[in-house]
Amino acid sequence: MNQIPPSMEAPDLRILLASARVPCLVLLPDNPKFTIIAVNDDFVSQVKINREDLLSKGVFEAFPHNPNDPTATGVFNLRASLNKVIKGRVIDFMSVQKYDISRPESEGGGFEERYWSPINSPIFDSHGVLTYILHHVEDVTEFEKLKRNSVLQDSAPLIKYAAQEAVLLVKNASQEAALLVKNAAQEAVLLVKGAALEAILVKNAAEEILLAKKAAEEAILAKKAAEDLAERKIKFLDIAAHELRTPITALSLLLELVEAQIEKGQPINVDTIARLRAPTDRLARLVVDLLDISRLERVLVVLLPVKTDMALLISGCLEEFRVQAPKRNFIFKKPNQPILINVDLVRINQVLANLLDNAVKYTSEGEIEIMLEEMPKVIRVSVTDHGDGIPKEQQALLFTAFSRGSSDATIRTTGLGLGLSVCQGIMDLHSGTIGHVSKEGQGSTFYFELPKLNTEV
Amino acid sequence: MTILKLKTILIIEDDLDISFAVSSFLQGEGYQVQIAENGFVALELIKKNGVPNLVLLDMMMPVMNGWQFATEFAAQFDNSSPIIVMTAAADAEQRAKDIGATGWIEKPFGFSKLIALIKKFES
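In order, the protein sequence lines correspond to chains A and B.
For any residue, its number in the working numbering is found by taking its place in the first sequence, counting from 1, and adding 38.
For any residue, its number in the working numbering is found by taking its place in the second sequence, counting from 1, and adding 2.
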């Protein structure tokens with residue numbers, strides 16, 4: 039016979055339950071009272087209530103809810119769980135419950151905050167009838183408290199993070215605001231710049247318009263100058279035709295007279311022959327003038343400079359004029375010493391003769407004064423008449439080719455009006471100048487200046 | 003305007019060689035010729051010697067030119083004679099019309115042309 043050792047014998051379950059370190063209640067399934075029929079020691083020590091105060095009482099009677107905690111759901115949740123066990127005949131694990139327990143008067147009374155993890159298990163008899171409900175709980179108050187602290191601890195970084203986020207947000211917001219302000223400022227600057235650029239463009243356009251206007255005005259002036267020249271040339275051709283026709287008419291008529299005399303066998307009239315000289319000379323002079331101006335305009339004249347005394351040159355020229363115009367009084371004023379210059383004698387004589395010829399032609403009476411002066415760098419020769427002077431409007435064109443005055447005095451005289459422009463050309467070639475001073479009604483002075491010969495050389 | 007036989011002709015011309023040649027020729031043709039070197043002298047001569055049968059008139063002259071003479075001549079004398087303009091200008095016909103001249107002759111011209119023009123005024 040196998041002997042079962044005393045330790046192996048089935049223990050008294052009542053003793054086990056009573057002393058187990060799990061707080062347990064045994065309830066009757068007498069819904070809604072759920073009478074407490076057994077309490078183990080651990081439960082009594084945990085909830086700090088005498089066994090006698092618990093046994094035979096309904097569970098909700100023994101553990102009323104904490105009237106100071108309006109959010110307490112412990113009673114409701116326990117009832118729901120117990121009903122679940124009765125109806126479903128299954129074990130029910132309740133979630134952690136807050137179920138405060140009343141503190142004994144000896145410990146100050148009131149309620150103590152407690153968290154519980156309860157399990158309700160159905161206990162059936164041999165016929166499968168639900169006889170009891172085993173309610174055992176675990177005090178998880180400390181754990182819950184720890185959990186809540188950890189939540190707080192956990193929330194610290196969250197708060198920190200939130201603070202940081204807030205800082206970042208504020209920072210970002212301020213940065214964005216700064217950016218917006220900056221952008222607005224930049225846009226304002228751009229707008230101002232744009233406006234300035236547009237102003238510059240407008241200014242440039244205005245300047246371009248001015249330039250275009252100037253160019254147009256210059257073009258008009260150039261056109262007018264060209265038209266003036268064309269007009270002067272046409273006028274010149276008219277004058278040239280007239281001037282050439284007159285001596286040719288005289289020559290042709292005088293020759294006809296001579297021819298008629300020869301034809302008739304009459305003696306040739308000497309007076310008629312003598313008259314051929316003047317128009318012939320006039321024609322020759324006109325042709326020389328035309329050739330001169332043409333050559334001067336094409337710079338074909340070559341000077342042959344000779345060292346000479348200007349006073350002597352003038353005296354020689356004056357002698358010719360005293361023969362040509364015996365009625366006129368020529369007065370020559372000059373320094374005592376010789377005035378040496380290096381010039382083309384023929385050309386300078388031509389200039390002087392031209393000025394003297396004009397003085398004789400354009401004035402019918404009065405003295406003609408010739409003056410030779412020595413200036414610091416140049417010598418000056420001037421011819422002054424006491425005639426009517428030159429009208430102001432004609433002074434500008436005096437030295438211009440193909441222009442001739444149109445006063446009565448001009449009509450009286452002959453010539454192509456090329457004399458002074460020829461003189462100008464000759465003076466240009468000598469690096470000299472030619473000019474005039476004239477007041478209408480008070481006579482004219484024409485002068486030319488030539489560079490002085492360096493006496494040291 | 004025709005005259006049976008022109009007797010007196012007045013030449014108004016500032017070029018003395020031309021007026022000498024023309025007067026020599028016309029005298030040879032049997033006309034009485036007077037010469038004036040400008041319009042002013044011509045008017046004086048007309049006042050002194052009477053209105054000529056024909057005037058040969060240059061246009062460009064000093065003191066008094068052809069236009070001025072024509073105007074004065076028409077204003078001062080009732081029995082104004084035919085005028086033939088002698089000119090070296092390019093637009094002789096226009097100038098003749100401007101002063102109401104009867105005819106014109108362009109310089110240079112020959113005696114044959116001049117006498118043909120004068121004969122036109124004789125019947």
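Treat the hints as calculated values from the structure; they're not laboratory data.
Check the hints yourself; a few may be wrong.
No more than 16 angstroms apart at the CA atoms, straight line, and that leaves these computed lysine to aspartate or glutamate pairs for EDC-like [unchecked claim]:
#, chain 1, residue 1, chain 2, residue 2
1, A, 185, A, 151
2, A, 183, A, 145
3, A, 136, A, 182
4, A, 365, A, 405
5, A, 372, A, 319
6, A, 345, A, 294
7, B, 115, A, 407
8, A, 302, B, 93
9, A, 273, B, 93
To spell it out: a stretch of chain B is covered by chain A in this simulated footprint if at least three of its residues, at any positions, have a beta carbon under 8 angstroms from a beta carbon of chain A; those stretches are [said to hold, decoys possible]:
#, segment
10, 24-34
11, 48-55
12, 89-98
13, 102-111
Facing chain B, a subset of chain A residues (Cβ under 10 angstroms, in silico) [claimed, not checked]:
#, residue
14, 87
15, 88
16, 283
No residue lacks a Cβ here, since even glycine has one placed at the ideal position from N, Cα and C.
Okay, the hints, checked on the actual structure:
Pair hint residue 185(A) plus residue 151(A) holds up; C-alpha atoms about 15 angstroms apart against a cutoff of 16 angstroms. The suggested pairing of residue 183(A) with residue 145(A) is violated, with an alpha-carbon distance near 21 angstroms, which exceeds 16 angstroms. Restraint check: the Cα-Cα separation between residue 136(A) and residue 182(A) comes to about 10 angstroms, which is no more than 16 angstroms; the hinted pair holds. For the hint pairing residue 365(A) with residue 405(A), the CA-to-CA distance comes to about 10 angstroms; that is within 16 angstroms, so the pair holds.
About 32 angstroms separates the Cα atoms of residue 372(A) and residue 319(A), which puts this hinted pair outside 16 angstroms; it is violated. The hinted pair formed by residue 345(A) and residue 294(A) fails the criterion: a straight-line CA distance of about 49 angstroms is larger than 16 angstroms. Under the criterion of a C-alpha separation no larger than 16 angstroms, the hint pairing residue 115(B) with residue 407(A) is inconsistent with the structure, at around 48 angstroms. Pair hint residue 302(A) plus residue 93(B) does not hold up; C-alpha atoms about 36 angstroms apart against a cutoff of 16 angstroms.
For the hint linking residue 273(A) to residue 93(B), the alpha-carbon distance of about 13 angstroms falls within 16 angstroms, and the restraint holds. Given as covered by chain A, the segment 24-34 of chain B passes the check, having 4 residues with a CB less than 8 angstroms from a CB of that chain where 3 are the minimum. For the segment 48-55 of chain B, the assignment as covered by chain A is violated, since 0 residues bring a beta-carbon within under 8 angstroms of that chain's beta-carbons and 3 are needed. Given a C-beta distance limit of less than 8 angstroms, the hint that chain A covers the segment 89-98 of chain B holds, as 3 residues qualify and 3 suffice.
Restraint check on the segment 102-111 of chain B versus chain A: 3 residues with Cβ-Cβ distances below 8 angstroms, three needed, restraint holds. Violation of the interface hint for residue 87(A) is found here, the shortest Cβ-Cβ separation to chain B being roughly 156 angstroms, above the 10 angstroms cut-off. At its closest, the beta carbon of residue 88(A) sits 161 angstroms from a beta carbon of chain B; the interface hint therefore is violated under the 10 angstroms criterion. Interface hint status for residue 283(A): upheld, as the beta-carbon distance to the closest one in chain B is roughly 4 angstroms, under 10 angstroms.
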